[in-house]
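Student: So the protein lines, in turn, are chains A and B. Going by the UniProt record's numbering, the first residue of the first sequence is number 1, and it counts up by one from there. Going by the UniProt record's numbering, the first residue of the second sequence is number 1, and it counts up by one from there.
Think of the hints as simulated: they come from the structure by calculation, not from any bench. Bear in mind the structure is a predicted one, so any value in this text is a computation, not a measurement. Worth double-checking, as some hints may not be accurate.
It does not matter which identical chain is meant; a pair holds if it fits inside one copy or across any two.
[Said to hold, decoys possible] Below are the DMTMM-like pairs computed for lysine to aspartate or glutamate, each with C-alpha atoms no more than 20 Å apart in a straight line:
1. K98 / E542
2. K234 / D220
3. K83 / D220
4. K101 / E600
5. K610 / E437
6. K508 / D526
7. K234 / E216
8. K685 / E359
9. K337 / E359
There are 2 protein chains.
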Amino acid sequence: MKYILILLFTGIIANAQIKKEQLDLMPWPQSINLTQGTFVLNKNFKVNITGNPNSRILVGATNFLRRLDGRTGLFLQQGFVTKINEVPTAELQINCVKNGKIGLYEDESYQLEIQSNKIIINATTDLGALHALETLLQMLQNNSTSYYFPTAMITDFPRFTWRGIMIDVARHFQPIDVIKRNLDAMAAVKMNVFHWHLVDDQGWRIELKKHPKLTEMASDGNYYTQEEIKNIVKYADERGILVVPEIDVPGHGTAILMAYPEIGSKVVNLNSDSIESKTQVSGITSYSLERNAGIFSPTLDPSNPKTYQLLSEIFDEVCPLFSGSYFHIGGDENEGKDWDSNPKIQEFMKRKKLANNHELQTYFTMQLIPMLKKHHKELMGWEEIMTKNMSKDAIIHSWKGVNEGVPAGKSLVDAVKGGYKTVLSNGYYVDLVYGVEDHYTVDPMPKDVVLTEQEKARILGGEATMWSELATSTTLDSRIWPRTAAIAERLWSDEKVTDINSLRKRLKTVSFRLEDLGLTHIKNKDVLLRNISNNQKYQALEDFSNVCEPLKKYSRNKGGTEYQMYSPFTLFADACTPDASDALAFDAAVNSYLKNKSLENQVLVTDFLKKWVDMNAKLIDLSANAPLIQPLLPLSKSLSAISQQLLVGIVKKQSLNSSVMSDLLEQCNSKAHADVELAVYTSLKKLIK
Amino acid sequence: MKYILILLFTGIIANAQIKKEQLDLMPWPQSINLTQGTFVLNKNFKVNITGNPNSRILVGATNFLRRLDGRTGLFLQQGFVTKINEVPTAELQINCVKNGKIGLYEDESYQLEIQSNKIIINATTDLGALHALETLLQMLQNNSTSYYFPTAMITDFPRFTWRGIMIDVARHFQPIDVIKRNLDAMAAVKMNVFHWHLVDDQGWRIELKKHPKLTEMASDGNYYTQEEIKNIVKYADERGILVVPEIDVPGHGTAILMAYPEIGSKVVNLNSDSIESKTQVSGITSYSLERNAGIFSPTLDPSNPKTYQLLSEIFDEVCPLFSGSYFHIGGDENEGKDWDSNPKIQEFMKRKKLANNHELQTYFTMQLIPMLKKHHKELMGWEEIMTKNMSKDAIIHSWKGVNEGVPAGKSLVDAVKGGYKTVLSNGYYVDLVYGVEDHYTVDPMPKDVVLTEQEKARILGGEATMWSELATSTTLDSRIWPRTAAIAERLWSDEKVTDINSLRKRLKTVSFRLEDLGLTHIKNKDVLLRNISNNQKYQALEDFSNVCEPLKKYSRNKGGTEYQMYSPFTLFADACTPDASDALAFDAAVNSYLKNKSLENQVLVTDFLKKWVDMNAKLIDLSANAPLIQPLLPLSKSLSAISQQLLVGIVKKQSLNSSVMSDLLEQCNSKAHADVELAVYTSLKKLIK
């Protein structure tokens with residue numbers, strides 16, 4: 001009784017002492033020491049800033065207050081933080097030595113000390129202080145009546161200087177608000193580079209005053225004005241994020257060539273109508289905006305001075321919109337077909353002594369370097385730009401791997417050994433909808449290669465890439481988040497932070513907090529499922545979505561022509577996400593059961609099986625008024641069929657016909673239905689073996 | 001057996017014949033005749049346009065295709081509609097005689113004929129054709145495997161020419177994407193005026209190149225650039241919507257006066273420090289941005305020529321951003337306190353022979369008319385501008401009613417009798433969170449007053465007003481929608497369309513379709529409840545939200561000082577909405593039970609009562625880890641207590657102590673908890689009587 005009283009007492013006065021494992025921090029800090037105490041929040045809580053920080057910390061501190069208030073409902077008195085040293089007596093003191101420069105190698109470290117009556121953030125720059133504020137928000141705890149921070153000392157800094165996300169806005173245009181909420185999310189997990197893929201075969205997305213034809217002809221009206229771009233750059237800056245624009249050349253050139261076909265490489269042979277006169281006249285091809293996905297041949301003509309004239313004028317307009325020091329010029333997937341068949345280009349190569357298309361592309365890329373230098377930008381490109389004679393100033397973006405027939409991250413090692421700085425994206429292609437573990441286990445620092453310290457230093461970090469062939473504004477967030485938070489941790493935290501169970505546990509909270517911040521990865525699923533079910537009660541459909549995952553890799557939209565960019569992305573596969581929640585839970589249940597066939601463990605498994613039998617019946621009911629559910633029924637039926645058999649086997653202890661079971665199992669392995677796969681296949685297999 | 005076969009057969013070939021009552025059209029069309037047939041959709045479905053429409057119909061038709069595709073998942077082949085008569089053989093033919101002019105009195109009528117193999121839209125203008133496309137989308141039906149339109153002939157036109165929504169972006173700024181999604185929703189229910197309340201005591205939201213101080217000092221960085229405003233006007237135009245900007249003067253002037261205090265009316269008496277020297281010097285007051293809600297005194301000085309100079313310059317910059325012919329100058333709630341106490345203004349009134357503040361305000365308003373005329377804009381203002389000598393060209397916006405101590409819509413009748421055109425907003429204040437029935441039963445055409453045809457013609461229509469003291473971007477949609485769709489119907493459909501049960505039934509579908517279109521009124525509730533519950537399973541909290549409604553009228557945030565504009569609007573009251581769904585269902589159950597105490601009807605009632613007892617227990621559990629649930633417990637406990645008693649009374653047929661019951665009932669009538677009220681109070685009362 002005494003013990004209970006004491007517990008109650010400390011519960012009221014302070015709080016049950018929290019353990020490190022209970023914290024849902026992500027990325028996990030470099031060092032954290034919890035002490036025995038709490039800082040209890042109340043509405044008088046205020047923030048004060050000292051030192052010489054950039055004014056972005058004022059925006060950051062104000063946003064921090066609003067988010068804290070939104071979570072706690074405390075009606076914090078302080079509305080806006082508007083200047084340095086405004087409230088010297090404030091409970092939260094942020095001390096910054098100097099103005100943080102947005103870019104690589106800046107000091108982003110911070111120290112966060114939570115005492116029971118005071119919180120102190122010490123950081124060299126405001127960028128570190130912003131990170132500290134995110135950590136502090138993640139530290140927030142509560143008991144039944146109040147919110148508090150556990151007392152602690154945290155020392156933290158990033159492992160890599162480049163922690164990026166690329167968003168492709170060419171395939172599916174993404175409005176300003178979508179970009180902004182993703183920048184918010186990036187800042188929340190301490191990412192600092194937004195790589196903006198602005199141009200591709202499917203669209204040109206930048207307003208150009210001097211070349212309005214580009215958006216007029218190649219954007220369907222979907223582009224960013226220069227003012228909007230500047231607005232995004234400012235918004236990113238306020239969150240400590242560098243924006244790296246990309247204009248992809250010389251391949252992926254359809255959009256540019258729609259407006260300027262005269263700088264294209266393709267030769268058209270205009271045969272005269274009569275068979276007699278075999279005269280050939282070469283002319284200019286016309287290009288039309290690509291609606292499919294894939295690799296296409298439209299390529300800029302590197303032998304044409306007009307190409308460089310145009311690009312130079314484009315850079316002159318685009319570069320000043322971005323305050324950062326890097327410009328990505330793409331350079332990927334140029335197959336050079338149109339170069340091979342163009343006699344003028346062949347002649348040019350001979351004249352310039354360029355032995356092959358690689359050398360020709362290097363020639364091309366080298367022309368861009370001074371155009372960018374003029375605006376104080378360094379050139380960055382996908383790994384294909386790394387050929388003999390490429391300037392060592394260029395940053396190599398390593399993206400190829402097993403899918404492309406080369407060892408994962410091969411170009412990364414080649415780059416650093418060749419003297420280039422490099423950023424890793426292979427392994428971080430979040431658009432391919434792999435599970436989070438696949439990304440979390442990829443480290444930019446190769447383990448099986450001996451590198452010198454200098455070479456290691458050239459590995460700047462990594463970047464999650466979100467290509468948007470299959471993602472609209474409605475689904476984009478669910479393709480990036482929450483998985484990218486795990487990539488953020490990989491790039492920030494110590495390399496030894498690798499516990500996948502800890503990650504999954506923390507990711508649940510992070511995911512929910514991200515949606516709190518404005519993302520839509522959870523809530524838009526409901527919108528899609530409601531439409532698919534025709535506004536019927538869709539619990540069964542939701543249950544099914546929790547065991548299904550969209551087809552991975554490039555196996556959805558095979559060949560790139562099944563879907564066009566304007567196709568409906570409102571299907572079941574679009575509502576489903578990687579890491580299907582019930583599939584993960586079922587796997588855990590199966591593992592427990594196989595380890596120990598207690599009744600309790602058995603029930604964990606059979607509850608799922610019963611649920612799926614029931615679900616299938618309900619889906620059939622729903623489908624009577626929902627054509628979009630029809631394509632799901634074969635897979636649901638397969639799951640129901642095997643579940644029924646397994647129930648017989650497990651509950652009634654009857655032995656099952658192994659050939660029947662293996663047939664049923666393989667039906668659950670089908671990828672032929674509705675662009676999804678059953679994520680429970682592997683777990684079912686364990687039960688059958 | 002024969003009968004069943006025939007049913008199956010028609011089910012496959014055609015579809016069960018649908019009845020008018022099954023259609024979820026809103027606003028209900030003027031005339032609709034269903035015939036015996038169906039137009040079955042397939043992926044070859046195409047659209048063609050003929051005649052001389054405005055090019056906005058190309059955007060409209062393309063959007064129509066994408067929305068149809070999103071709902072059906074058919075992968076419609078036609079991507080973009082880019083010119084007139086592009087696909088002469090298309091199944092959907094849209095014929096427009098002429099270019100629609102955005103503004104009042106334009107022909108918005110259409111005829112929509114759905115045949116079994118062809119759909120024909122005939123409209124005088126593209127504006128009518130856009131409405132027809134919305135109706136066609138609402139006509140979409142399905143069986144188990146396909147989507148179809150029932151064959152029909154619809155003839156339709158609006159009853160009123162002004163069908164508007166006002167959104168206040170001064171109290172809480174609303175980003176561009178929030179405005180756009182609300183414009184989409186307006187178009188979906190055939191509304192055609194967006195009244196943009198851009199300026200108030202809490203903020204100035206328009207970029208001015210000549211007067212940058214306004215946004216620098218009075219916007220907290222939250223304002224629209226001129227480019228963004230033009231972008232919104234274009235977006236609205238493409239949806240057939242007129243944009244009417246409002247700059248509220250001479251009252252509600254804090255934001256303007258922050259930047260230009262010299263044109264304020266307040267006199268400051270600068271007493272010298274020493275008591276001896278009683279000299280008074282008058283000086284300029286400084287103003288600070290208002291963070292509370294209410295009516296404040298800062299008012300422009302109508303005696304100061306600089307006031308008119310500034311306003312003229314502001315109109316010169318702002319007017320050209322808007323293509324429409326109307327400009328709203330506010331004019332409301334000027335209490336004239338600062339005028340009374342300003343000797344200079346009193347002297348001015350004497351000189352100009354202005355007998356009182358009303359005449360002074362008329363003098364002020366009349367100066368604005370030529371400033372607007374210069375830009376071909378007519379002046380509109382809230383009803384306070386209607387005083388003796390006000391120009392008959394001005395449009396009077398009728399807003400006062402019982403809350404303001406006058407009969408509902410009094411000024412509307414005064415206006416039309418006085419020769420003014422008028423728009424009704426009294427009864428359409430959606431921000432006051434009344435139930436939908438309260439708005440649906442308000443008709444702009446007064447029933448108890450005899451008006452001439454000319455007078456009736458001056459009633460232009462009505463406008464839902466969404467003041468934003470208590471609404472952020474997260475909650476705004478749920479305060480406007482779906483209820484405003486009922487107002488849209490009132491303003492479009494025949495006056496005899498008044499069946500509230502039909503409305504409620506159709507509104508369910510409309511609500512869901514609006515969210516499909518991008519609104520957030522359903523899904524953001526989950527985001528808020530998840531935060532309140534601390535990411536625990538929150539079914540009980542959701543159940544509770546379905547019987548609670550936010551405090552109505554002006555009873556939340558009493559006095560305007562409990563909440564500031566930066567307060568957290570993430571509370572339970574923000575998640576709740578009017579027309580709480582379980583409250584409506586419970587009321588229906590109670591009515592059935594009281595009519596016929598069958599066991600079946602009894603169960604309908606007792607299921608709810610049991611649910612609430614259970615819910616209370618679960619809420620208590622949840623609250624152990626969720627401080628934000630604590631304030632809800634007293635109300636949940638009251639509901640549980642009375643439910644327990646009623647169960648005893650109903651199920652066990654025990655008689656209940658009437659004084660105990662009436663005490664318990666009154667506890668359910670409390671408005672003292674968490675800014676919400678129990679929406680089941682009236683129904684419970686019926687059970688106890």
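Student: All hints, please: hold or fail.
Tutor: Each hint tested on the structure:
no. : hint        : in the structure
1   : K98 / E542  : neither (50 Å within a copy, 48 Å between copies)
2   : K234 / D220 : between (26 Å within a copy, 15 Å between copies)
3   : K83 / D220  : between (44 Å within a copy, 13 Å between copies)
4   : K101 / E600 : neither (57 Å within a copy, 71 Å between copies)
5   : K610 / E437 : neither (29 Å within a copy, 44 Å between copies)
6   : K508 / D526 : both (18 Å within a copy, 16 Å between copies)
7   : K234 / E216 : between (26 Å within a copy, 16 Å between copies)
8   : K685 / E359 : neither (51 Å within a copy, 86 Å between copies)
9   : K337 / E359 : within (15 Å within a copy, 80 Å between copies)
Consistency with the previously given hints fails for numbers 1, 4, 5, 8, ordered from lowest to highest.
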